[in-house]
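There are 2 protein chains.
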Amino acid sequence: MRWGRVEFEGSDYFGTIAGEELLVHEGDMFAAGRATGRRIALSSAKWLIPCRPSKMIALWNNFHASAAKNGWAIPAEPLYFCKTPNSFSAHEAEVRAPAHYDGRVVYEGELGVVIGANQSIFGYCCVNDMTALDLIGKDPAFPQWVRAKSFDGFGAFGPVIAQGLDPMSLTVTTLVNERERQNYPISDAIFTPAQLVSLISREITLEPGDVIACGTSLGVLPMRPGSIVDVAIAGIGSLRTHYR
Amino acid sequence: MRWGRVEFEGSDYFGTIAGEELLVHEGDMFAAGRATGRRIALSSAKWLIPCRPSKMIALWNNFHASAAKNGWAIPAEPLYFCKTPNSFSAHEAEVRAPAHYDGRVVYEGELGVVIGANQSIFGYCCVNDMTALDLIGKDPAFPQWVRAKSFDGFGAFGPVIAQGLDPMSLTVTTLVNERERQNYPISDAIFTPAQLVSLISREITLEPGDVIACGTSLGVLPMRPGSIVDVAIAGIGSLRTHYR
Chain C
77 MRWGRVEFEG SDYFGTIAGE ELLVHEGDMF AAGRATGRRI ALSSAKWLIP
127 CRPSKMIALW NNFHASAAKN GWAIPAEPLY FCKTPNSFSA HEAEVRAPAH
177 YDGRVVYEGE LGVVIGANQS IFGYCCVNDM TALDLIGKDP AFPQWVRAKS
227 FDGFGAFGPV IAQGLDPMSL TVTTLVNERE RQNYPISDAI FTPAQLVSLI
277 SREITLEPGD VIACGTSLGV LPMRPGSIVD VAIAGIGSLR THYR
Chain E
77 MRWGRVEFEG SDYFGTIAGE ELLVHEGDMF AAGRATGRRI ALSSAKWLIP
127 CRPSKMIALW NNFHASAAKN GWAIPAEPLY FCKTPNSFSA HEAEVRAPAH
177 YDGRVVYEGE LGVVIGANQS IFGYCCVNDM TALDLIGKDP AFPQWVRAKS
227 FDGFGAFGPV IAQGLDPMSL TVTTLVNERE RQNYPISDAI FTPAQLVSLI
277 SREITLEPGD VIACGTSLGV LPMRPGSIVD VAIAGIGSLR THYR
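Those protein sequences? They're chains C and E, same order as listed. Residues in the first sequence are numbered consecutively from 77, following our numbering. Residues in the second sequence are numbered consecutively from 77, following our numbering.
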């Protein structure tokens, strides 16, 4: 089952995806909702973020391959920052950095874990954890993770939330202008999705719709204005961002 | 004008404070709302957080006195992390750290700037930016600001949002079990509230109800279970947290 949200003729709808249509539901997505019988052609609708997270928690240094390449120690606990809600953007969104920022902006293709009722895992999405890379270390006294990660639109996720997947079997690929730049298995994660939910929720209550971005691995590179970035995970779909 | 939110007989209400009563309003607080004529005695209601921020941005190293004492350089730009919404707690809330965390938890009394329409300043509140201090530097590779600041309840703000104040004339005092531990003027800030809103909103859109916690100054100390912490700012009121 894959859940999505769209805007159509000025209103928002959510529901399940069947082929090229949204089967509109009403009620609460995280309590499954109820099908209304209405169908909307995806080709005539605009994609929205598939849910409205109260928070997006995003991991640093969560893959063995990137830890090894960068010489980072394997962390004893999940290490994370957050991306604020103004950063959320949907499939096919156009995203640009503020005019005064002239540093590098990188994509980071990631698996997103979407929380359901009772701090369970509801499903999975693709995440493009865009980052104003030169801000993080700009001030030597204080690494600016939240700022560098939270520019408007820098937290793309979607296109849908997919259920019924084994996350450990998934592979994240990122394509820039259709050229593959990232391709890594979730099985290389230091903390699995289930471990992340378990460890984080001991301290920070996770609400339905919250997203944990599981961190990225090798192949992160700067985007240039005009780049089209696709984060694709088989079983979920492909999340496209137009970087302007 | 001071705005508050309360729970009374199972429902939530917002409105202006007049003496010991809430003058109930309907509509949008940030568009002033409309008085309904109903009054609720504050003594019979439970305080809620005065608005529902989509994000709380909190400053590090924003007062000259604490920078001087700690040997921190004066930052060229605002340095901030964020506190996730699960951390928000109201006046008179009971807050406790997770059982497995046995490190220090400190209070930080702060001025909170509440955003209104069009990224303007709507008003001001008190903030107790509670912090699991021993987490920040626990992993030498990654300072854990968001985690240390975002335990459930660790972001107290309120009791109300006050309008019509000159923030540069305000003084923040923090009392622990009625003993004064912090007393510092906002005029000592490195970045004023107006500068914070201006600089942050260039990159990160601020929504009505969002809170910028302006950072703390000298006098931060650990709390012990049983501590009662009051963050008081004349013209706003006193925000009480019961630390368990």
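The reader is advised that the hints may include incorrect statements.
The list treats identical chains as interchangeable, and a pair is accepted whether it falls inside one copy or across any two copies.
Stated by the list, open to error - Each computed SDA-like pair below joins lysine to any residue, with the alpha-carbon atoms no more than 25 Å apart:
| no. | residue 1 | residue 2 |
| --- | --- | --- |
| 1 | Lys214 | Ala270 |
| 2 | Lys122 | Glu168 |
| 3 | Lys214 | Leu275 |
| 4 | Lys122 | Gly179 |
| 5 | Lys214 | Gly313 |
| 6 | Lys214 | Asp228 |
| 7 | Lys122 | Gly103 |
| 8 | Lys214 | Ser277 |
| 9 | Lys214 | Glu102 |
| 10 | Lys122 | Val252 |
| 11 | Lys214 | Ala308 |
In short, the hints are calculated from the structure, not lab data.
Each hint, compared with the structure:
When the C-alpha separation of Lys214 and Ala270 is checked against a cutoff of 25 Å, the pair qualifies only between copies, where the shortest distance is 23 Å, while the shortest distance within a copy is 34 Å. In this homomeric assembly, Lys122 and Glu168 come within 25 Å of each other (Cα to Cα) only inside a single copy, at 9 Å, whereas the closest approach across copies is 44 Å. In this assembly of identical chains, the alpha carbons of Lys214 and Leu275 lie at most 25 Å apart only when taken from different copies (16 Å versus 30 Å within one copy). When the C-alpha separation of Lys122 and Gly179 is checked against a cutoff of 25 Å, the pair qualifies neither within a copy, at 31 Å, nor between copies, at 48 Å.
Taking CA atoms no more than 25 Å apart as the test, Lys214 paired with Gly313 passes in neither setting, with 35 Å inside one copy and 37 Å between copies. For a Cα distance limit of 25 Å, the shortest separation of Lys214 from Asp228 inside one copy, 20 Å, qualifies, whereas the shortest one across copies, 30 Å, does not. In the homo-oligomer, the alpha carbons of Lys122 and Gly103 lie at most 25 Å apart inside one protomer (21 Å), although the nearest pairing across protomers, at 29 Å, exceeds that limit. Taking the shortest alpha-carbon separations for Lys214 and Ser277, only the inter-copy value of 19 Å comes in at or below 25 Å, while the best intra-copy value is 31 Å.
Neither within a single protomer nor between protomers do Lys214 and Glu102 lie at most 25 Å apart by alpha-carbon distance, with minima of 46 Å and 45 Å respectively. Taking CA atoms no more than 25 Å apart as the test, Lys122 paired with Val252 passes inside one copy only; the shortest distance there is 22 Å, against 53 Å between copies. Proximity of Lys214 to Ala308 under the C-alpha cut-off of 25 Å is found in neither arrangement, the shortest distances being 31 Å within a copy and 35 Å between copies.
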